[in-house]
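Remember, my numbering sits 540 above the position in the sequence shown when you count from 1.
Quick caveat, the hints were computed from the structure, so don't treat them as lab data.
Some hints could be false.
What the hints assert, rightly or not - Label pairs and their calculated CB-CB ranges:
hint, residue 1, residue 2, range
1, PRO594, SER641, 26 to 34 Å
2, ASP652, ARG695, 28 to 36 Å
3, ALA679, ALA627, 27 to 35 Å
4, ARG664, LEU555, 24 to 32 Å
5, VAL593, LEU661, 47 to 55 Å
6, LEU555, LYS662, 48 to 56 Å
7, LEU555, GLN639, 23 to 31 Å
8, GLU581, LEU610, 17 to 25 Å
9, GLU581, THR640, 30 to 38 Å
10, GLU604, GLU668, 20 to 28 Å
11, LEU677, LEU632, 32 to 40 Å
Here a beta-carbon is modelled for each residue, glycine too, at the ideal position from N, C-alpha and C.
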Amino acid sequence: MDDNAPPARGPFVNLVKRVIHAYFALSRGMTMGVRAACFDEAGRVFLVRHSYVPGWHLPGGGIERGETALEALAKEMREEGNLAIGAPPRLLHVYFNRQTSKRDHVLLYRCDGVAQTAPRLKDREIVEAGFFALDALPAATTAATHRRLEEMAGRSPFADYW
Numbered sequence: 541m542d543d544n545a546p547p548a549r550g551p552f553v554n555l556v557k558r559v560i561h562a563y564f565a566l567s568r569g570m571t572m573g574v575r576a577a578c579f580d581e582a583g584r585v586f587l588v589r590h591s592y593v594p595g596w597h598l599p600g601g602g603i604e605r606g607e608t609a610l611e612a613l614a615k616e617m618r619e620e621g622n623l624a625i626g627a628p629p630r631l632l633h634v635y636f637n638r639q640t641s642k643r644d645h646v647l648l649y650r651c652d653g654v655a656q657t658a659p660r661l662k663d664r665e666i667v668e669a670g671f672f673a674l675d676a677l678p679a680a681t682t683a684a685t686h687r688r689l690e691e692m693a694g695r696s697p698f699a700d701y702w
């Protein structure tokens, strides 16, 4: 028997652990999502325009139960833009997104060397999508997207709020 092995947990301990986790999920629950600043080889950034919110945004979405942040990131990039990750994504910052709810947080990643595997066609969620030069962003690019790009360029400090 290994003296360093953790003690065996009985069914009662496992039940108490589950109840405590359920309590914290309800009382202190938090949602978390990912956004990707996706840059192609030419240095252009990929933006999407959704059918249900105004403006152009960085691609992203919620992290589902049982999903890692990087899995969610790859899924959202694939779903919203037919994008393939090039270099390993770099986590830049974590934001509190109080405009969405009092419990929402966003992980912002920078993805370089991103390639589009096929054009992203219009559907019920994404109305338009594409790569844009940083000096030629669409007029309706959201203020939050502009702020994130300014932070990445080093022209402003990273904020705590999305």
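Here is what the structure says about each hint:
1. PRO594 / SER641: 26 to 34 Å: violated (19 Å)
2. ASP652 / ARG695: 28 to 36 Å: Given a distance of about 19 Å, which is not inside 28 to 36 Å, the answer is violated.
3. ALA679 / ALA627: 27 to 35 Å: holds (30 Å)
4. ARG664 / LEU555: 24 to 32 Å: Given about 42 Å between the Cβ atoms, the range is violated.
5. VAL593 / LEU661: 47 to 55 Å: Violated - the Cβ-Cβ distance for VAL593 and LEU661, about 19 Å, lies outside 47 to 55 Å.
6. LEU555 / LYS662: 48 to 56 Å: This hint holds: roughly 49 Å between Cβ atoms.
7. LEU555 / GLN639: 23 to 31 Å: Because 38 Å falls outside the window, the suggested range is violated.
8. GLU581 / LEU610: 17 to 25 Å: Between GLU581 and LEU610, where Cβ atoms are some 22 Å apart, the hint holds.
9. GLU581 / THR640: 30 to 38 Å: Since GLU581 and THR640 have Cβ atoms about 33 Å apart, the given range 30 to 38 Å holds.
10. GLU604 / GLU668: 20 to 28 Å: Taking Cβ atoms as reference, GLU604 and GLU668 lie about 25 Å apart, which means the hint holds.
11. LEU677 / LEU632: 32 to 40 Å: This hint is violated: roughly 19 Å between Cβ atoms.
Checked against the numbered hints above, the structure violates hints 1, 2, 4, 5, 7, 11; every other hint is satisfied.
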